[in-house]
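As they're listed, the protein sequences go chains A and B.
Just so you know, we're using numbering that gives the first Met the number 0 here: the first sequence kicks off at 0 and counts up by one.
Just so you know, we're using numbering that gives the first Met the number 0 here: the second sequence kicks off at 0 and counts up by one.
Since the hints were made in silico from the structure, they are not lab data.
One or more hints might be untrue.
Same chains, same names: a pair is fine if it fits in one copy or spans any two.
[Claimed, not checked] Here are the simulated DSSO-like pairs of lysine-lysine, each with C-alpha atoms no more than 27 Å apart in a straight line:
# : residue 1 : residue 2
1 : 82        : 103
2 : 103       : 124
3 : 56        : 86
4 : 86        : 18
5 : 62        : 33
6 : 99        : 62
7 : 82        : 33
8 : 98        : 124
Protein chains: 2
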Amino acid sequence: MTLTNKVSQINYSISDLSKEFDITTRSIRFYEDKGLLAPTRKGQTRIYNQRDQVRLKLILRGKRLGFSLAETGRLFELYDADKSSAKQLTIMMELISEKKDDLKQKLEDINAVLIELNDIENNCKSILKTLTT
Amino acid sequence: MTLTNKVSQINYSISDLSKEFDITTRSIRFYEDKGLLAPTRKGQTRIYNQRDQVRLKLILRGKRLGFSLAETGRLFELYDADKSSAKQLTIMMELISEKKDDLKQKLEDINAVLIELNDIENNCKSILKTLTT
DNA sequence: CAGGAAGTTTACGTAAACGTAAAGTAAATA
DNA sequence: TATTTACTTTACGTTTACGTAAACTTCCTG
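Work out the full structure: start from the sequences and follow the hints.
Structure, rendered in structure tokens:
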């Protein structure tokens, strides 16, 4: 294999990503500062690849879920973690289990709010009917 | 009806609530400061009733969902809102619709993360098997 | 009646997640 | 070659959601 594999090497500038995800470049650099992104450099300039882009997407998804950047960082560690030792693996599985419990709680919470909102909505609708007829 | 209806008047002190929900009294006073709670007073002392207790529960549920206190406050306004005018009602229903969209997005996000966590978990399990056999 | 225990207000401190200049570099373009 | 455009670092400012401490009142108890 003397040929370096540069196939499908898609690169992004910081403004590419800022436009794609509708966030400021400040935010993107901040995420790097917090260790969530690690773009390569060409001179001074940051070069982002596909992996960085995916990570950014995950960061924003985490934010929508109310995860702190630190929590999202821990999730990244889970993705990337060293899976060589049984000890590491069991620690990981505990963390995963905790996160899953957390998410299940959120599912419950969301469903509860959705039910309440639907109730209010239906109430509004029926009142509107009495007002317009 | 000359009898004042004081049946089922359950009261709570600030420390009652702080213990029940495992939060500090500082937080509870802070929520009041932000207009999310409005306990009555007996002298200086705050007296919370059932409604306040429910509200506090909702505040904490909102927090778990990543709602800011301001957002939770807006939800409270929806619950309590004046439903007399058709205009008000249609505005409300728009806000409800927005919130529902927001929550549906969160449901999708959570399900996505859950799927990924399950993948990692299964991966861990199978590796653990190869390590222990 | 001294001394907790539980409540209060006031106010400064803090962590997270950026916003917002300021001041400089580097490449592309008129 | 001058300048616009896109990038960079440094650094102070801001909002949210409290933590923490000080100083005070009120009530109960040994």
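Now for the hints, and whether the structure bears them out:
no.: 1; hint: 82 / 103; result: within (25 Å within a copy, 34 Å between copies)
no.: 2; hint: 103 / 124; result: between (31 Å within a copy, 21 Å between copies)
no.: 3; hint: 56 / 86; result: neither (30 Å within a copy, 39 Å between copies)
no.: 4; hint: 86 / 18; result: neither (42 Å within a copy, 37 Å between copies)
no.: 5; hint: 62 / 33; result: both (14 Å within a copy, 23 Å between copies)
no.: 6; hint: 99 / 62; result: both (17 Å within a copy, 18 Å between copies)
no.: 7; hint: 82 / 33; result: within (24 Å within a copy, 47 Å between copies)
no.: 8; hint: 98 / 124; result: between (38 Å within a copy, 17 Å between copies)
Hint compliance for this structure: hints 3 and 4 are broken, all remaining hints hold.
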